[in-house]
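Novice: Line order of the protein sequences matches chains Y, F, G and R. Each residue of the first sequence is one higher than the one before, starting from 1195 at the first, in the working numbering. Each residue of the second sequence is one higher than the one before, starting from 1195 at the first, in the working numbering. Each residue of the third sequence is one higher than the one before, starting from 1195 at the first, in the working numbering. Each residue of the fourth sequence is one higher than the one before, starting from 1195 at the first, in the working numbering.
Take these hints with a grain of salt, some might be off.
Where chains are identical, the list cannot tell them apart; a pair therefore holds if satisfied intra-copy or between any two copies.
Pairs of lysine to any residue residues, derived as SDA-like cross-links and limited to a Cα-Cα distance of at most 25 Å, are as follows [as the list claims (entries may be wrong)]:
#1 Lys1306 to Arg1334
#2 Lys1228 to Gly1263
#3 Lys1347 to Tyr1384
#4 Lys1200 to Arg1334
#5 Lys1347 to Glu1443
Worth flagging that the hints you see were computed from the coordinates, not collected in a lab. Note that the coordinates shown come from a computational prediction; the quantities given were computed from them, not determined experimentally.
4 protein chains.
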Amino acid sequence: MPRQSKPIQSNMGWSTVDRVVVQGLDLTQQLLGKVNLGDMAFLELTGRLPTPQQSAVFNAMLVTLVEHGLTPQAMVARLVHMSAPEALQAAVAAGLCGVGSVFAGGSEGAAKMLQEALTADPKAELAAVARAIVADFRGRRAVIPGLGHARHKPIDPRTPRLFEIAAANQLRGRYVALMELIAVEAERAYNRPLPINGTGAIGALCCELGFDWRIARGIAVIGRAVGLVGHLAEEIRQPIAREIHLRAEDECSTQAQKMHGSLMAS
Amino acid sequence: MPRQSKPIQSNMGWSTVDRVVVQGLDLTQQLLGKVNLGDMAFLELTGRLPTPQQSAVFNAMLVTLVEHGLTPQAMVARLVHMSAPEALQAAVAAGLCGVGSVFAGGSEGAAKMLQEALTADPKAELAAVARAIVADFRGRRAVIPGLGHARHKPIDPRTPRLFEIAAANQLRGRYVALMELIAVEAERAYNRPLPINGTGAIGALCCELGFDWRIARGIAVIGRAVGLVGHLAEEIRQPIAREIHLRAEDECSTQAQKMHGSLMAS
Amino acid sequence: MPRQSKPIQSNMGWSTVDRVVVQGLDLTQQLLGKVNLGDMAFLELTGRLPTPQQSAVFNAMLVTLVEHGLTPQAMVARLVHMSAPEALQAAVAAGLCGVGSVFAGGSEGAAKMLQEALTADPKAELAAVARAIVADFRGRRAVIPGLGHARHKPIDPRTPRLFEIAAANQLRGRYVALMELIAVEAERAYNRPLPINGTGAIGALCCELGFDWRIARGIAVIGRAVGLVGHLAEEIRQPIAREIHLRAEDECSTQAQKMHGSLMAS
Amino acid sequence: MPRQSKPIQSNMGWSTVDRVVVQGLDLTQQLLGKVNLGDMAFLELTGRLPTPQQSAVFNAMLVTLVEHGLTPQAMVARLVHMSAPEALQAAVAAGLCGVGSVFAGGSEGAAKMLQEALTADPKAELAAVARAIVADFRGRRAVIPGLGHARHKPIDPRTPRLFEIAAANQLRGRYVALMELIAVEAERAYNRPLPINGTGAIGALCCELGFDWRIARGIAVIGRAVGLVGHLAEEIRQPIAREIHLRAEDECSTQAQKMHGSLMAS
Chain Y
1195 MPRQSKPIQS NMGWSTVDRV VVQGLDLTQQ LLGKVNLGDM AFLELTGRLP
1245 TPQQSAVFNA MLVTLVEHGL TPQAMVARLV HMSAPEALQA AVAAGLCGVG
1295 SVFAGGSEGA AKMLQEALTA DPKAELAAVA RAIVADFRGR RAVIPGLGHA
1345 RHKPIDPRTP RLFEIAAANQ LRGRYVALME LIAVEAERAY NRPLPINGTG
1395 AIGALCCELG FDWRIARGIA VIGRAVGLVG HLAEEIRQPI AREIHLRAED
1445 ECSTQAQKMH GSLMAS
Chain F
1195 MPRQSKPIQS NMGWSTVDRV VVQGLDLTQQ LLGKVNLGDM AFLELTGRLP
1245 TPQQSAVFNA MLVTLVEHGL TPQAMVARLV HMSAPEALQA AVAAGLCGVG
1295 SVFAGGSEGA AKMLQEALTA DPKAELAAVA RAIVADFRGR RAVIPGLGHA
1345 RHKPIDPRTP RLFEIAAANQ LRGRYVALME LIAVEAERAY NRPLPINGTG
1395 AIGALCCELG FDWRIARGIA VIGRAVGLVG HLAEEIRQPI AREIHLRAED
1445 ECSTQAQKMH GSLMAS
Chain G
1195 MPRQSKPIQS NMGWSTVDRV VVQGLDLTQQ LLGKVNLGDM AFLELTGRLP
1245 TPQQSAVFNA MLVTLVEHGL TPQAMVARLV HMSAPEALQA AVAAGLCGVG
1295 SVFAGGSEGA AKMLQEALTA DPKAELAAVA RAIVADFRGR RAVIPGLGHA
1345 RHKPIDPRTP RLFEIAAANQ LRGRYVALME LIAVEAERAY NRPLPINGTG
1395 AIGALCCELG FDWRIARGIA VIGRAVGLVG HLAEEIRQPI AREIHLRAED
1445 ECSTQAQKMH GSLMAS
Chain R
1195 MPRQSKPIQS NMGWSTVDRV VVQGLDLTQQ LLGKVNLGDM AFLELTGRLP
1245 TPQQSAVFNA MLVTLVEHGL TPQAMVARLV HMSAPEALQA AVAAGLCGVG
1295 SVFAGGSEGA AKMLQEALTA DPKAELAAVA RAIVADFRGR RAVIPGLGHA
1345 RHKPIDPRTP RLFEIAAANQ LRGRYVALME LIAVEAERAY NRPLPINGTG
1395 AIGALCCELG FDWRIARGIA VIGRAVGLVG HLAEEIRQPI AREIHLRAED
1445 ECSTQAQKMH GSLMAS
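Pulled out of the complex, with its shape left as it was, chain Y reads as follows (with noise of 0.2 Å):
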């Protein structure tokens, strides 16, 4: 027996002749002029336009995601870009390739530990909640995310930023709170300094604004997205890849030779 078709719906998006509809609202009359595109993915994202306060706190949230200097994602963008000028769409999605759990799973680990919290018991004293998720993490000996920096240290300047435009817009609620007692309570169980970083901010007001843990990683590859774009434009004007790549195979060729030389000579 054949399987049944089952209907398929999304409410992204639809045109017509004359209009383009966006989340329900018409784009040249509801959106084009009047949002900016921090807006717009917000209204992606969640189906609805943001409040000027979850505007202002998601603005700055993308804006903290965009530039991180030469990462390597940065670099493989422009090593495609360098093989591939042709298709710019390839060297940013091979640069995205790059955003996992290495880069991103900070705001995204974060961002679940808090809600699963919250979620079992949306009232429950947060200091107890921070020392047993504290516990827990260190009992399995897992790496709490959204703590600590390999660089930032004794703070991450971003945090402090990120929470106070949250303040600022009555959006520092219950899982900043629980996050900042997570990183008191982690900072004396390991004795060491262990502040929320830039990631860590991010998880945190992920949850404040009402998205679900699965799409943090996401909120990070939008605004990487734009990063990349931005080191394209300059590879375009002052191109590095061809010398990092002749460096690196310059280096492992000779390398290599001397090796089988020597072998052929043994």
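Position chains F, G and R relative to chain Y; hints supplied.
Specialist: Frame of chain Y; chains F, G and R shown alone:
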């Protein structure tokens, strides 16, 4: 003789223990809470923050590019997410791979056409330039980029709105004028409606904002990245990829078995 | 104090004016005309050419992985090719992005499970190991990798054939034996048919050939890359991506308009 | 009026409860243990198994394409793997994104050039065709695809070996002859050594095997996919991506800080 190493340089961003600097600006002091994501994209692409007028026009361009319903790219992102839900970044990357000549070629091609025409002679008489361009494309039997639309007839509603926003911000200049003259001349030469479409309008506005045409596709990529994350957010809430896949696989599989069966029988 | 640079090294390949060396072998003298693509893959992964027995088993594994009909990955490659026909490599790349946990997890997971079990105690009694593994997975309510198949019941026809080839080449050893005992024990514990599926068989054979489980997914990626190029060759001759796209877009668009209309009317 | 749905069809593969059929052949009975991966690729691309002669030549072409040392694509795959080790498929995909015009353009372009020339007039006198082609490229100041190599001078060692294998298998025909005449004519016209390079040889052999030039890049993609998985296997055993990244980031960051400092001081 070994190759001499050359210095490499990138001014996109760097950080110290207590500072993050992007494009020479302090992230926490000069950017967070002050600029939106569209402005940040402008900063990344050009090295300077936009004026309020540039911000208005650039954000409108980006917002236009975000959402187009269930495009092939959106389907791709959803299908990859279904297959590799643990790697959301790869789903967006796969979708972006499809922002190629068929979908993003319009704005890139229009920007190239306009820039090449007005770079050669910045003071050229625009109507003559338009006639020469249309004659050239016709002679080569090439499609003029940025004109015509399969659905939006006789006009693409995005174009007048984008040009209206540009005019309100003193950014409706010679590139837009040339694009409009090209459309008029093309309609005359081909004797059918060939209005400036959304990507044509965006290509012309890229020129007004001073972007190199080589990065125009990158602006489409930024917009689409936002849209694709939006589609994944919807896919998580309301999945359709599996049904789309099963329908296509069932149909092809049934048909292939029938063919095979009749080949065996014959 | 600046970081001290460390040497980098890669022995994959290098060339001089008149030679190309791959893995220490002369490409034109020692490889071309002498080895097939599967053997070359073995050389790339392990640094040495396969024995005839290893070649037979490894090629059979790879051949198994190539083609699975209109998978989500094949649909993805076709949709991207339709959107960016000038960048065929991006279409394959997009398709490969979907070789994730859902589709390639089986062989990776099975190889990991088997290697961890027999690394801990290479001389362990296999039946006891199998019982411990099944009990562990049951206790964690986790799915045992490499067992069961939605369509191929009660047995996956690929498994006996792959194990037969392995036996004929003296490569059906303790890993295959353990996998089979796990299947028997799982069928007993869960009281339903749980035969070793194709990816489970391949995972076990990865172990017999000495591959680290961390690279098992790479073997699936190689097979799928071949298959995706095959689908693009068919798509060029006999396109279906546009129709697949239009059907889905039409259905979603029509439905969204209806919903929007009734919202407006209410 | 709604669009009329059209049937879709794919004959790549399908399966039933107890059978897997690929290209009309039974996977377990007719393929496993009987064909190698290169033959399987031929089957996927053409719908039929290769003759022994075709198998020899096609495997040699594929083997040639696998490994080229630390290419930009290999660096990309390694950098992505370092950032997202959990998604090995995305690392290969990112590397493949760079198999574009700069690296894979040679074989595609050569195949296109040869096919267009001999399709127009299959019985044309080859020397005259070669002269016309060289004159055409020179007139357009375009680079003739498949000729010349930065390192391999005066000859690319892969070319004579590949043509030798083709001759030994009765597959050195008119396309190879035309490619050789083009090289002779180009060396005469440009008055410098312009030997057929490896990609040029492969482009000509694609024609001898009857492949459409539109899929020639796909053959490079298959070879590179194998090589990239090889590089990831080495990266797992002996990582270099982090060092490559840190060197580049350190240099750019130090330089950018100096510039910034002098700007602040001025």
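Novice: Under the constraints set out in the numbered hints, which ones does this structure not fulfil?
Specialist: Violated hint: only 4; rest satisfied.
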